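*Asks:* The listed protein sequences derive, respectively, from chains A and U.
When we follow this note's numbering, the leftmost residue of the first sequence carries the number 1, and every step to the right adds one.
When we follow this note's numbering, the leftmost residue of the second sequence carries the number 1, and every step to the right adds one.
Hints are computed from structural coordinates only; laboratory data are not their basis.
This one's a predicted model, so the numbers in the text were calculated from it and none came from an experiment.
The C-beta atom is built at its ideal place from N, Cα and C for all residues, glycine as well.
Incorrect hints may appear among the rest.
Claimed, not checked - Short, incomplete list of chain U residues facing chain A, as computed with Cβ under 7 Å:
no., residue
1, R67
2, R135
3, A136
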Amino acid sequence: MTEKWGKDEILERVTDVLVRSFELDPADIRLDSHVVDDLDLDSIDAIDLAVGLREQTGIDLSEEELKSIRIVGDIVDLLRNKLPDA
Amino acid sequence: MFSKRRVVVTGMAGVSALGSDWKTVSEAILAGRSAIAYQRFLDDYEGMRTRLVAPITDFETPAHYTRKQTRSMGRVALLAARATELALDQAGLLGATCVSDGTTGISYGSAAGSPASLAIYADAVHNRHTLHGVRATDYIRYMSHTVAANLAHFFGVKGRVIPTCSACTSGSQGIGYAMESIQTGKQDLMIAGGAEEYHPIETALFDVMYATSTRNDEPHLVPRPFDADRDGLVVGEGAGTLILEDLDHARERNAAIICEIIGFGTNCDGVQVTNPDRAGMARVIELGLEDAGLDASEIDYISAHGTATEVGDIAESLATEAVLGTQTPISSLKSYFGHTLGACGALEAWMMIEMMREGWFAPTLNLDNVDERCAKLDYIRDVPRNIEAEIVMSNNFAFGGVNTSLVFRRWRDTD
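Let the hints inform the model, and build the full structure from the sequences given.
*Replies:* Next up, the structure:
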């Protein structure tokens, strides 16, 4: 990763992973979307989310980090914090 | 002595290269139409001699199947789910409480899990020494009992699950062990059958044994079970499901009864792991008869395994002659849609029962001159034969020397 992404760009990439992995409508994905209540994801999906995010961003999420995700904004924040400084 | 409960078929369906409903399948059979086709993609495999496959070309995952239902399914499980959905619908059990309250179990198999998903794991872990790119459901799609487990998940089944993964007897053992589960009172209802999805690895495994047909320019002329000019089998795909039910349970819910299953024999040759053994085959046919309490003369039609391999055809025909004599009409449905491996026992049982109900039986396609080394049986050839059969038998044989014989009886409302 050569430059720090902005929050919008990260959300765009997370949305892309969510749409491709879980047949979701991009219009349903917002920063405050709840991954279980709004997007209907479960523990199996969490693993595939990690696989998709790694393919998309090169970033690995730990089991604890995955478990901490409640809303889409949590994913964006996790990725933001793990990105190297510009 | 406990008395065995009677077991009836109350639903059945299949997804096959000839069609996925009996009307379409029977029209193809009556027109003498086979599903064998030249497949150019087999050009890409060094050493592959055959180019022939019997693929299902029109299967699409039904739109009402949800992502969470299908994410753990490879094609093999999807084919099985569709066949089972159609069979449960015919039985009047789609969405019924008794399917998902523990009353119903599953006995179902395939020769393999989804090869495409196994390839993902093998490529990552074995070739590239990485876990990256492997998804949570890839294992579930290729595990040995993927079909039975996915069916249980899909239909909410909470009874016993018996994965009958014994290569080409997966489907017939599925039906047989389902019957025994009901006879002994362990379950009142069973979803039974077998499935297989096509993958070049399945053609390869027979090709390396010189067991495939290589008449690549004449797909309509192969396979040729029991024919002097046979040159091997053609691999197909599909899924077949029978809904088996305790007779009293079926009567209590006023189910339409299709036929009764009255015999199941299974054994093992215990001799050679790939070559069929005539004695073992003959013994399983005897076991089927004994289980049904019948004499050989009471069988009105035999659905042969009839793969069109030299060793298989000769051994099967001689074993059939040894137990059943030469007077019982026999034919091989594999001449129409190839060898569907884990699905064949279930697809062939489904079609045989449909033909029994309609009073005719299919001829073996491409059987022009019976191989002199085969027993002189009453092979149905050229045209369908009208037979008002009361009792029919379906035999299947698998690598590993596993053999099965299933016996069904026509149902009459006076029974």
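*Asks:* Take the hints in turn and mark each one as holding or not.
*Replies:* Going through the hints against the structure:
no.: 1; hint: R67; result: 5 Å, holds
no.: 2; hint: R135; result: 5 Å, holds
no.: 3; hint: A136; result: 4 Å, holds
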